[in-house]
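Protein chains in written order, with this note's numbering: chain A, 1 to 609; chain B, 610 to 842.
Some hints could be false.
Quick list of the computed label-pair ranges, beta carbon to beta carbon [what the hints assert, rightly or not]:
(1) P480(A) x F619(B): 32 to 38 angstroms
(2) A497(A) x S664(B): 36 to 42 angstroms
(3) T503(A) x P739(B): 31 to 37 angstroms
(4) Q624(B) x A497(A): 27 to 33 angstroms
(5) V316(A) x F619(B): 35 to 41 angstroms
(6) P480(A) x M841(B): 39 to 45 angstroms
(7) L405(A) x R724(B): 54 to 60 angstroms
(8) P739(B) x L405(A): 32 to 38 angstroms
(9) E612(B) x P480(A): 52 to 58 angstroms
Selected chain A positions facing chain B (Cβ under 10 angstroms, derived; list incomplete) [as the list claims (entries may be wrong)]:
(10) R168
(11) T177
(12) G187
(13) S289
Just so you know, these hints were derived from the structure itself, not from any lab.
A virtual CB, placed ideally from N, CA and C, is assigned to each residue, including glycine.
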Amino acid sequence: MHGFLFLQLLTGLASAAQLFLLAAGLTVIFGVTRVVNFAHGSLYMLGAYLGYSLITRAPPTPVGFALGALATAGLVAALGAGLEIALLRRLYRAPDLFQLLATFAVALMAEDLTQRLWGAEDLALPRPGFLAGALRIGAARFPLYDLVLIGLGPAVYLALLALFRTTRWGVLVRAATADRDMLACLGVDQRWLFTAVFALGAGLAGLGGALGLPDTTATLQMGFSSVTDAFVVVVVGGLGSLSGAALASLLIGLLQAFGIALVPRSTLVLVFVVMAATLVLRPHGLLGSASAEAAGAGAPALVRPATPALRALALVTLAAAVALPFLAGPFLLSVATEALIALLFAASLHLMMGPGGMASFGHAAWFGLGAYGAALAALALRAPLPLALVMGLLLAGAVAALFGLVVVRLAGVYLAMLTLAFAQIVWAGAMQFEEISGGDNGLLGVWPPRWLGGPVGFYFLALALCAGGALVLRRALHAPFGYALRGARDAPQRAAAIGLDVTRLRWAAFTLAGAAAGLAGALFAYAKGSVFPTYLGLGRSVDALLMVLLGGVGTMSGPFVGALVYTGLYDALLLATDAWRLVLGAAIIALVLLFPDGLAGAAARRMRA
Amino acid sequence: MLEVERLCSFYGRAQVLHDVGFGLASGSVAVLLGRNGAGKSTVLKSLIGLVPPRSGRIRFERAEIAGLPPHRIARAGIGYVPEERRVFAELTVAENLEAGRRPPRPGLAPWTAARLFALFPALGELRRRPAGRMSGGEQQMLAIARTLMGNPRLVLLDEPGEGLAPLVLRQIEASVRALRAEGVSLLIAEQGPAFARAVADQVLVMEKGAIVWSGTHAALEADAPARQRYLMP
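Kindly produce the complete structure, drawing on both the sequences and the hints.
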């Protein structure tokens with residue numbers, strides 16, 4: 001038994017070291033630049049691939065391995081510096097979360113390019129003798145290499161601590177973290193400081209990727225999977241806190257090692273349960289401080305009722321939408337149905353993010369719950385379509401109302417990460433409780449009844465519910481509720497002082513958004529005829545974020561424009577090219593650089609000028 | 610050393626400074642007076658580049674600096690001490706000074722931590738204290754000391770005496786006199802406790818974003834209507 005405990009302890013420490021190497025760079029970058037770097041996982045992935053190429057070419061000795069890993073770190077650091085200079089430097093003053101959009105696009109492109117350069121096969125490092133050694137613990141073997149990792153984690157932590165605590169560069173970086181404008185007034189060119197910090201963070205990710213090679217294989221998926229892990233560590237530790245990241249790595253690494261051994265079913269959920277619990281108890285993470293929020297972006301745009309021109313345009317679009325089934329073929333009709341559903345989904349997230357001021361990384365939770373609610377009602381309870389749709393909406397709305405009680409007390413990135421944690425927990429539940437959800441196989445055979453009149457009938461139903469639902473949400477923002485909500489976002493204390501219950505307003509918006517997303521999900525279940533756990537996945541949450549940000553958070557027509565452009569772009573690209581990730585990523589970056597206030601925002605600016 | 614001509618600055622669409630113009634001779638002290646919201650702070654922020662002027666010229670030691678980013682203006686020899694002090698709260702006193710350190714400037718005796726601790730003895734005893742855990746007066750001294758570490762030829766002081774106890778105020782006043790003795794030029798915005806105007810070579814009075822009166826302190830004392838019109842609450 002002691003042997004077992006000892007083995008799990010070592011395993012936990014090794015994975016903690018690995019997690020720390022992955023997350024340290026992210027927290028350093030966020031701490032200074034306030035950039036939520038979604039491409040961090042891709043830098044880690046590039047570290048693994050580059051490391052594979054370099055280490056397999058180096059002599060198979062410990063020195064060769066170490067030099068290969070260090071060279072990888074250097075190369076990835078250079079890539080990070082290039083990324084900062086070429087892209088992020090232009091976005092520091094951009095609205096909240098725009099860096100997220102841009103770095104997400106980088107992650108998409110990195111995955112595509114990596115596949116082109118190294119192929120789609122997973123790459124496993126051949127284990128030369130010095131890596132194959134193992135420690136005997138009872139009947140089990142523990143790789144000696146992991147002992148090296150256990151030593152390397154703390155060594156890197158101490159080196160970083162020394163760098164930040166004892167060097168002039170570290171002093172300047174910490175000063176920039178606190179107040180970059182003041183530091184500039186003291187004559188420090190913060191641009192190069194930021195570039196250097198970004199290079200350091202990227203280099204750490206690259207080092208982590210290369211050092212992870214002996215234990216795992218390099219895969220194309222590791223970019224997106226590792227970035228979630230990295231975010232969890234950084235958020236649990238407290239954004240920007242290096243010691244917090246170290247502590248969180250230790251906590252999560254050990255919990256995982258013992259958790260998997262004791263409760264095998266906990267694997268997928270455990271990490272996110274830890275994050276959710278931490279954030280509920282300590283809203284700024286273990287060692288985070290209240291000031292470490294993502295930078296705000298000045299006064300949000302005013303919201304005005306639609307101009308006559310916009311109303312006319314909306315009417316023309318609606319007329320075109322009504323005429324579409326008589327003009328378009330079945331494929332275009334199904335794309336249009338999905339675009340309508342995306343519209344309601346995006347509009348619901350926009351209500352939270354824009355006027356509500358609560359950005360969510362896990363909005364797919366409500367979409368997926370709506371889809372599962374409708375599918376289960378239709379399959380298990382034999383509910384007719386209208387009832388099943390209502391069930392989907394109610395399930396999502398009710399769960400959002402419950403979860404909202406906790407989440408609306410948080411703010412900024414922490415709130416976003418708690419929503420992500422919740423979505424991942426629901427996703428893991430859908431994967432693992434196969435008796436109810438069908439697990440990975442999903443629920444099949446959720447088709448609209450015959451009386452609806454086939455795809456055309458369903459299209460009109462979707463048009464009525466989605467356009468209607470989006471208009472209801474829009475109407476709510478021009479009602480006193482909407483004014484109060486925006487007041488609570490812009491000046492929570494002043495709003496409270498004039499008698500508005502800020503928490504309850506945010507909770508109401510959160511619940512409303514959840515219910516609307518649930519309706520979209522329920523419709524989607526019927527449109528596809530099936531429900532899968534991917535409906536709850538991070539990918540779908542990111543889709544919604546992209547739609548809202550593309551359209552422009554600060555505008556009312558943003559989600560409408562964003563949803564249509566994004567689904568159109570996505571489907572067109574999927575058909576036209578196998579390099580869709582590359583092109584979509586490039587398109588997103590171009591949009592971010594050219595239209596920093598979103599497509600609808602840019603259009604509004606042009607009309608005013 | 611400083612010539613400002615027809616300076617116009619905006620916050621978004623709102624114009625805050627209207628054709629502000631004045632000059633400052635090397636080694637002299639000028640004071641900006643005016644009511645709350647008259648534009649004193651904005652003049653200083655425009656000079657250091659935090660609020661880039663929309664139009665107008667700022668010549669510092671014969672070089673045009675309007676439109677340059679703050680770090681270039683600071684390197685050219687202008688130091689800025691903001692009204693809110695903005696010390697780096699998590700950094701110690703010594704680290705705050707290190708963040709402000711720049712290479713020495715020809716013709717000026719370079720400032721060192723030791724010289725600054727002699728100027729502000731209170732700081733010398735708090736070297737390892739994080740700036741966030743100091744009193745307002747100590748933070749004000751640190752903010753000035755931090756700026757001096759950059760060896761500026763011109764220091765912009767925004768409301769240095771605001772909210773300070775008389776004892777601290779006297780120390781700040783002494784430091785202003787010491788700086789002047791070193792040959793450093795000063796431009797001081799002042800509204801609350803009055804001390805700087807007494808040492809100033811030149812007093813500039815602002816109202817509604819424009820300079821409406823200028824002259825010596827003695828002339829302002831003699832000009833009761835002007836004081837009544839521009840400075841009485």
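Verification of the hints:
no. : hint                                  : result
1   : P480(A) x F619(B): 32 to 38 angstroms : holds (33 angstroms)
2   : A497(A) x S664(B): 36 to 42 angstroms : holds (39 angstroms)
3   : T503(A) x P739(B): 31 to 37 angstroms : holds (33 angstroms)
4   : Q624(B) x A497(A): 27 to 33 angstroms : holds (31 angstroms)
5   : V316(A) x F619(B): 35 to 41 angstroms : holds (38 angstroms)
6   : P480(A) x M841(B): 39 to 45 angstroms : holds (43 angstroms)
7   : L405(A) x R724(B): 54 to 60 angstroms : holds (58 angstroms)
8   : P739(B) x L405(A): 32 to 38 angstroms : holds (36 angstroms)
9   : E612(B) x P480(A): 52 to 58 angstroms : holds (54 angstroms)
10  : R168                                  : holds (6 angstroms)
11  : T177                                  : holds (8 angstroms)
12  : G187                                  : holds (4 angstroms)
13  : S289                                  : holds (8 angstroms)
Comparing the model with each earlier hint shows no violations; every hint is respected.
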